[in-house]
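Q: This is what each chain is made of:
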Amino acid sequence: MNAVDAERLRKIYGPTVALDGISFSIKAGEVFGLIGPNGSGKTTTLRILGTLIRPTEGSATVFGTDVVHDQEEVRRKIGYLPEEAGVYNNLTGFDYLRFVGALYSPTQAGVDDMVKQAAEISGLGERLGDRAGGYSQGMKRRLLLARVMMLKPKLAILDEPTSGLDVVHSTHIRGLIRTYVRDFGVTVLLSSHNMLEVDYLCDRIALVNKGKLVASGTPQELKEANASPNLEEAFMKVVSHG
Amino acid sequence: MKDLLKDRKIVLGMIVVPLLIFPLMGGAISLSTQSALTATKSTSFALMNMDQGNYSNLAVGYFSSLPNVTVRSVQPQSVSDGMKAALKDNVSTLVVIPSDFSAKIGGREQARLETYTTVTGFGITQSAGSSTVSAVIGSFGRFLSAYYIEHTSSGLSPSVVLSPVAVNESTYLNGELLAAPPAVVTSSGMIQSFALPIATFIVLIFAMQIASTAMAVEKEQKTFETLLTLPVSRFQILGSKLIGSTVIAAMGAVTSIIGFTYYMSMVGNMTPAASSASVEITPSLTFYILLGVLLFLTLALATSIAIIISVFTSDVRGAQALVGYVALPIILPTFLVLFGDFNTLSLGLKALVLAIPFSYVAVFASTGVFGDLTYALVGAVYLTAWVVGTLYVASRLFNSERILTARFTLGRGKAKRQTSDG
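If you read the sequences in order, they're chains A and B.
Note that numbering that gives the first Met the number 0 numbers the first sequence so that position 124 is 123, with each residue one more than the last.
Note that numbering that gives the first Met the number 0 numbers the second sequence so that position 258 is 257, with each residue one more than the last.
Treat the hints as calculated values from the structure; they're not laboratory data.
On a predicted model such as this, the values are computed, not experimentally measured, just so you know.
Just so you know, not all the hints are guaranteed correct.
Stated by the list, open to error - Calculated cross-link-like contacts (lysine to aspartate or glutamate; reagent style EDC-like; alpha-carbon spacing at most 20 Å):
no., chain 1, residue 1, chain 2, residue 2
1, A, Lys115, A, Asp94
2, B, Lys221, A, Asp4
3, A, Lys151, A, Glu29
4, B, Lys103, B, Glu149
5, B, Lys221, A, Asp94
6, A, Lys222, A, Asp198
7, B, Lys221, A, Glu82
8, A, Lys76, A, Asp182
9, A, Lys153, A, Glu231
Just chain B, with the same shape it has in the complex (with noise of 0.2 Å):
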């Protein structure tokens, strides 16, 4: 463990780099994100009217009185040259109104305003100025209607016509109620559990990448037959390999959990059920526990199977891509949870994701959440046989001479034992 503590490359990729890379791509995602919401949260365009009338003059009232939109006022002229004073004036969007605006009104017929915007690039900030444009005629539109009914002399108020019916929503979760809509908790309760099997996704492969190249270096650096001469046993160094590896992918996991924290944080907060509303789901102590044993159990089978694949290769490059083909089975279960519900997979879906051992942390955290202990029971003696059966085969390497001839050559597709040279 001091040697590969020791390794400038694995202290730095494995530890540090997690825990700036995650606040970085956070930050940087964050900053776009601010400045989309900066553009939608005050909203600029130049009005040229063509009317003059007083449904026009009532539109240019409305437009002005509005809290943070900023009305340009341009000549009366051709729409090209309405647009090029706008943009003098950094305005991306002119607001026409035509000559026939007050007139169509006064007659009760659809009036029409027209909208013209030099679009200067595809991002965020572009769509979302044009988007807001938009908004604010939709409720000059609003305050039309309310306007027409209020002159109609029928006695209803403009707001009940407009909105006849208001839906007050709150949702149960594992039997207590919120006042708050379905949508917002479960947007609530999938960024909470989204970090989870993220964050035991990375620590696996962190784990499994440390375990094999633990033993690879040895083979790599040609200390390991030395190593099998000293007076420990094999499983000392099986278990010492095992522990090194693990508390090592641990100090990894803990500056990934801090980095992707700080990400989700970041964000978390851009997303629109975080900022108008949002509700703390706050699990069990039963279920941290039943995770815990299954973060423990994974990480073990995770570094056994490491070990085992190391076991046939002969350098740290070698172990490291054998280790990328058993990441498969990692990655899938962990997206299928994260990007679907696992309730409503198909059976053989789940069937599939359920004989994964890795894939129980994953479900226990999207199904645990809601009090159901029986994938994390399940899960516990499912994995504890995967990791007694993979400690066993691991053990029994060790103790064989296979652990120093065994070759793994990916032309053959199978196993072949290398014979000494001497």
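Only chain A is shown next, with the shape it has when bound in the complex (with noise of 0.2 Å):
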């Protein structure tokens, strides 16, 4: 089974069309990427299979449960992170990631164990304890990929993981990833705009394009298709010509 099939999504707002006919796998196991320019139907795709909004056409699911008509089971298999993410700033780390693990841990031993886990993955040791409000932006963003980590979800939906960090705490990020699809067989779909990141973290990726997806494979295949050295040719190259 397939984690993610997407069949035509599209999707559209009054006059403006955000996707148009989108259709790709996901196979378990595997980290995919979205690429694309701003506004291209990234983030419409991620907040579709993550239950947020309803594909005007078309069809998904997410481990073969559909994310229109079964949204609360999909919620449960899913991790989503959003770009523009925030924390409650008036409670602690640590009540925050409480707070969430609650609600996938029947028992307050599951829920202390996820949050250690969490502790981990962040890196923010004693500032956990501190409220949310005071952290940097980086700071946040640990603490909101921890909270994804922590649940092992059977797909994590990550928009611009490593948005706003350091090359330091980027790079811990991508080896974490790449841990938990090793360890856990977490499935990861990711957005970004770097293509580094993309080209050392993605086993394939789609290109996204005014709504369409105009090119697809694995990192290397797309470099050859478009006889470029890296990544990031590659993508100005199919972007100009779609």
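Hints are included, so try docking the two chains, each in its own frame, into the full complex.
A: Laid out in structure tokens, this is it:
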């Protein structure tokens, strides 16, 4: 069973066509990247798979569960990190992690275990005991990523996962994503503007432009198909022709 | 709710401040009124006797014999010098007995007294001080009337002539006879029924502000999108927002009512009705039960509406501004019923008040005391319909993607939907 099957997804907001018939599949245990310029429809696709919005046309499933008709079941299978995500300013990092953990684990021991792992993932140490309102942008991002990864979801949907992080922490997070895919079988769907990150992390990539899927394949296949030494150039060629 | 409770602005502004602000307001009013009352309790004036006749000496003796009246004698001189002498003794009013005073009274003509007051301010204390001097002089006039009657050998008692008919005023309230004038009963009832609509008004505004904040803060802090992807139903999210807001509003209500009760007791004790005579008006248990039902339904309606409003905003400020517009239909009936009698309103105004679902607590608070339960029963049905309707709209909104995409733009005057940017 595929982790994701998206069939001819269309999303229309009034006169704007945000998605124009995108189809793709993601295999279980794969790291799949959605790449495209601003406004190309990446976030709209992630939001449909995250059950936040519904497609105007087409269908999508997450591990066989329909994202429109069985939304609560889909939510049990995913961990979603929006690009512009925030934290509850008046709660401490620990409070926030416990709050989320309690929604997934029926036992206190299970929650404690998740929080312990999140503390390690985030690397925030004792700062997790402080109110999150006082965190820097990078600290908030690490907390939110830790919140997703501690759940070990079947599908992690990460919209710009390393946005706002410095080089050290970005590298740490990339390593972590790889570890979770390898050790826990987590499937990852991510969007990113960072081509180095995409090249390093993704098994396969879909290039999206103006709501349409214009190319897909492994990073190597895309580079070869466009006769480009790196993914950035391949991306520019595809987008300029699209 | 935990996040809201940890927000110092909410805890201080909506729970602690009402507990302090009302007693402080009451204390300030009480202090100023107290000082005015103190001024009226003891009267001081300077007296300049230019006559020195029998009747002027009678007047001086009368004034000096009165309890709580201090008379400072001033040597006969010009009025301006007499005033200066009075002011030296910290007395602002000078009473002058003219030189023809005794002659006029002896000839059974109308005599006159002159008062001169130096005004040093426009506060209650100043006006209260001068009016008490007038009252003392007025009492001397009545004393003199009695003196005349006594010396006309008509055989009548002066008290009978001056007050030939006495009135004993009693009042029936809900069939119970109260030994108090209707003015005292209505003023006591007003004081008791004043607190409830005001407290309700405050609670509703609090509840709406908290409910809209609870939602809008999720959008402002960008936690909402994440929250909607967690494995909880949208109805659970809506329910927890409503319950959390109501619980915090109820906490604010308790502190408001405690604070307002202190305020009313401080201010209420200063009113003439309360200081001279007052009656305790105790409504029935049925009244309180129905009032509780109406309060609960009104609170549920207010929080549901606030949640719906906040769906169309992107931040706390926008949500609170929109909620502010909705506050008008809450304020209007409260004040119409508070400062007027609901039963005496015109048919059109009555219909307007009753069309507004927030009216029923205030209307019932004023009519239910008299045993009329009609408005509670009608209100309960009407409010329930409103609550069900708004909850339905709220749950539909929560289940649709409009909760993420709808925005209210005042410039265009209607809601529009935002497209995502990715």
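Q: Now look at each hint and say whether the structure bears it out.
A: Against the structure, the hints:
1. This hinted pair checks out: A:Lys115 and A:Asp94 have alpha carbons roughly 12 Å apart, not beyond 20 Å.
2. The straight-line distance between the Cα atoms of B:Lys221 and A:Asp4 is roughly 28 Å, outside the 20 Å bound, and the hint therefore fails.
3. As the CA atoms of A:Lys151 and A:Glu29 are separated by approximately 14 Å, the hinted pair is consistent with the 20 Å bound.
4. As the CA atoms of B:Lys103 and B:Glu149 are separated by approximately 18 Å, the hinted pair is consistent with the 20 Å bound.
5. The hinted pair formed by B:Lys221 and A:Asp94 meets the criterion: a straight-line CA distance of about 17 Å does not exceed 20 Å.
6. Under the criterion of a C-alpha separation no larger than 20 Å, the hint pairing A:Lys222 with A:Asp198 is consistent with the structure, at around 10 Å.
7. For the given pair, B:Lys221 sits about 10 Å from A:Glu82 by alpha-carbon distance, which is consistent with the 20 Å threshold.
8. A distance of roughly 17 Å separates the Cα atoms of A:Lys76 and A:Asp182; the hinted pair therefore holds under the 20 Å criterion.
9. For the proposed pair A:Lys153 and A:Glu231, the alpha carbon gap of about 30 Å is over 20 Å, so the pair is violated.
When held up to the earlier numbered hints, the structure conflicts with 2 and 9 and fits the remainder.
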